[in-house]
Amino acid sequence: MPMTRAQVLDLYYMDARCKLIEIAAFLDRVDRGTGEADFRLDAFRDAMQHLAGGEPRRAEEVLRSLSDPTEVPVDKAPGKGAVGAWPGRGA
Amino acid sequence: MRYIEPHGHMVSRTTDDYLDMVTAGCAAVCEPAFWAGFDRGSVDGFRDYFRQLTEYEPARAAKYGLPHYCWLCINPKESEDVALASDVLGIIPEFLGRPGVLGIGEIGLNKNSRNELRVLEMHVDLAARHDQLILVHTPHLEDKLKGTRLILDVLKNDRRIRPERVLIDHVEEHTVRIVLDHGHWAGMTLYPISKCTPARAVDILDVHGSDRLWMNSACDWGESVPLAIPRTALEMRRRGWSAEAIDRVVFQNPVRFLCQCPRFRLPA
Ligand SMILES: [Zn+2]
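From first to last, the protein sequence lines stand for chains A and B.
Under our numbering, the residue at position 28 of the first sequence is numbered 34, and the numbers go up by one with no gaps.
Under our numbering, the residue at position 225 of the second sequence is numbered 254, and the numbers go up by one with no gaps.
Okay, chain B solo, but in the shape it has when bound (with noise of 0.2 angstroms):
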């Protein structure tokens, strides 16, 4: 099988995830910009991120083959600090042009907070400016409902947004409907404990379809699984799924979206 990985944090994996990823049938990884954590100090502590993204990242991909793309952005949980946002925000149309760079994010909310809110449209008005896809994160456990209409308010009332241009990730089922509802595409993380398992991933699909869906593992260094998708196909199989249906949502659906962006090339 083949699938897309459109969401791991590989720069707190091993490269034997990436040998076990490409094994088990990966076509390409995209990495969204995260909270390191730790709060960084400053706007060259970015800067050095976005040159790991853009830089070191691919090339440690590559050396198995495998094609890395990235997002960038300040994450929710370091945008109290408005100041070190805006410096943040000054310096990404620096690394915009790179191969590689599909758009800004994951941006979102994480405690729902006024500060955090102003940050969030401080990154989709450059995502306009420059004509960027956006990836949103949307926040843990309670605070994802609220964070979620919140998000959805600010996309909405920015007239340059257009709809099948954002993703809304880690939705579940109290989520999914309102985000497709407003014509943004939906990922579903597949974690072990919070967000989707393997098995609810495969519900809100049978209950909303697969149309504009997608499924990642968001690796990082906390529990989480980098096959978590090859894992939640084989559940496709043993609940009657036909290849080509799988194939779908595992592959011709991120690059639907990802196509949106000129950077993005068809795995060969």
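Excised from the complex, chain A in its bound form (with noise of 0.2 angstroms):
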């Protein structure tokens, strides 16, 4: 059932400016560190990229775009954890 945009603003407006200030935020935080930054950071300006698409299915580019796209299962797991991005894209 959707919603008016009106609608949606009243309820999300709020809570989507805190995130996308807490985005530049954290992307500020990243600069002013030291040393390299990993795979990680590319693959979230990568997903970035998504957001200005026009059609409404970024949320699912975006997870997309942080998934391993292989298919062949790996011969053995490295480890139990995930990190939330696929460190094979660039490399």
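Since the hints were derived computationally from the structure, they do not count as laboratory data.
Where a beta carbon is used, it is the ideal one built from N, C-alpha and C, also for glycine.
Check before you lean on any hint, since a few could be wrong.
Residues of chain B placed beyond 12 angstroms of chain A at every Cβ, according to the derived structure [to be verified]:
1) Met30
2) Pro105
3) Val254
With a Cα cut of at most 27 angstroms, we get these calculated DSS-like pairs of lysine-lysine [stated by the list, open to error]:
4) Lys92/B - Lys82/A
5) Lys92/B - Lys185/B
6) Lys106/B - Lys82/A
Here are the simulated distance ranges between beta carbons [unchecked claim]:
7) Thr40/A - Ile120/B: 24 to 32 angstroms
8) Asp81/A - Ile120/B: 23 to 31 angstroms
9) Ala30/A - Arg267/B: 23 to 31 angstroms
10) Arg11/A - Glu193/B: 31 to 39 angstroms
11) Thr10/A - Ile207/B: 27 to 35 angstroms
12) Thr10/A - Arg80/B: 28 to 36 angstroms
13) Arg147/B - Ala30/A: 42 to 50 angstroms
14) Tyr19/A - Asp110/B: 46 to 54 angstroms
15) Gly94/A - Glu123/B: 52 to 60 angstroms
The task is to assemble the complex, starting from two chains supplied on their own in separate frames and drawing on the hints.
Given below as structure tokens:
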């Protein structure tokens, strides 16, 4: 059941504004940091490109861009955890 | 309101959480077998865990008048050791007839490795041989999309598996459609940081319909909220959903899926 755009803004604008500023502050924090960043920052910047898309599939596109696109099982599990971005993209 | 928590790891929660859930309208809780935060060293460690899930935890929930159900398996995080997994699968049939056991779960993949896949196939075979429902965990974060595709292939390749008797959990915007298109049920996990927030879960319901979807808190010992389902029901109400439409998602849908197991009783 779709809401009007005004209803969406009433419900979610302040929350989205807060998250937008958090992302800006996060990128500033990374800039001020020392040493090298890793593949996660590149993946994050790539994923942000999808925010400018014109279709209401941005969440899906961001998730896809942060995903491992390969199809073959790996030989052995490299530990148990996940980090939120696929290290192979820049390789 | 009434709701069912179809995926809660209650062994890692306090009795205060039981009290809060029942106060908020929880009518039944279902607990899949999962990783304990460390690798168990022997099959006897799993036997004790299965006793905890089928004996102790239902008794703890009963103190609050809450029916407790469970799913049994060895979690994908412990599936690199195929020999241990095979021993654990060997003891599961001892527990399958116990009251409250819903089926095999939460099986699936974690890092999408060959051994995890092998152990997943063994679980699917066990479920097929014993005519059990299946609850599937899909991997985290960057591994989810690939893992979901691999899992769907395993299920499709076993001709004995009826898709409507399998629920694939932890779907997000990029995996929900393929799961539903394969004829399975899909679960959305409401987490504060990873997986779905309440707002995104309601978006997914808006876009994909609520026919074969349920929501869960998956509350465990990590950052998670045992009251995530009633909070999401509140989100639905703020977005104009009727009480009947909310009830269909948070109560009637889990009942429809779980009633395929003869040991599941409709909560009074
Ligand atoms: Zn779980």
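Results for each hint:
1. Met30: About 18 angstroms separates Met30/B from the closest Cβ of chain A, which puts it past 12 angstroms; holds.
2. Pro105: The claim breaks: Pro105/B does not keep its Cβ more than 12 angstroms from every Cβ of chain A (closest is about 9 angstroms).
3. Val254: The assertion about Val254/B holds, with a minimum of 17 angstroms to chain A.
4. Lys92/B - Lys82/A: The hint is violated at about 44 angstroms.
5. Lys92/B - Lys185/B: Between Lys92/B and Lys185/B the Cα gap is close to 41 angstroms, so the pair fails against 27 angstroms, i.e. violated.
6. Lys106/B - Lys82/A: Within the cut-off at roughly 12 angstroms; holds.
7. Thr40/A - Ile120/B: 24 to 32 angstroms: The hint (24 to 32 angstroms, Cβ to Cβ) is violated, given that Thr40/A and Ile120/B are roughly 53 angstroms apart.
8. Asp81/A - Ile120/B: 23 to 31 angstroms: About 28 angstroms separates the Cβ atoms of Asp81/A and Ile120/B, which means 23 to 31 angstroms holds.
9. Ala30/A - Arg267/B: 23 to 31 angstroms: Once the Cβ atoms are compared, 27 angstroms apart, the range 23 to 31 angstroms for Arg267/B and Ala30/A holds.
10. Arg11/A - Glu193/B: 31 to 39 angstroms: holds (37 angstroms)
11. Thr10/A - Ile207/B: 27 to 35 angstroms: holds (31 angstroms)
12. Thr10/A - Arg80/B: 28 to 36 angstroms: violated (54 angstroms)
13. Arg147/B - Ala30/A: 42 to 50 angstroms: With a Cβ separation near 46 angstroms, Arg147/B and Ala30/A satisfy 42 to 50 angstroms, so the hint holds.
14. Tyr19/A - Asp110/B: 46 to 54 angstroms: holds (50 angstroms)
15. Gly94/A - Glu123/B: 52 to 60 angstroms: violated (42 angstroms)
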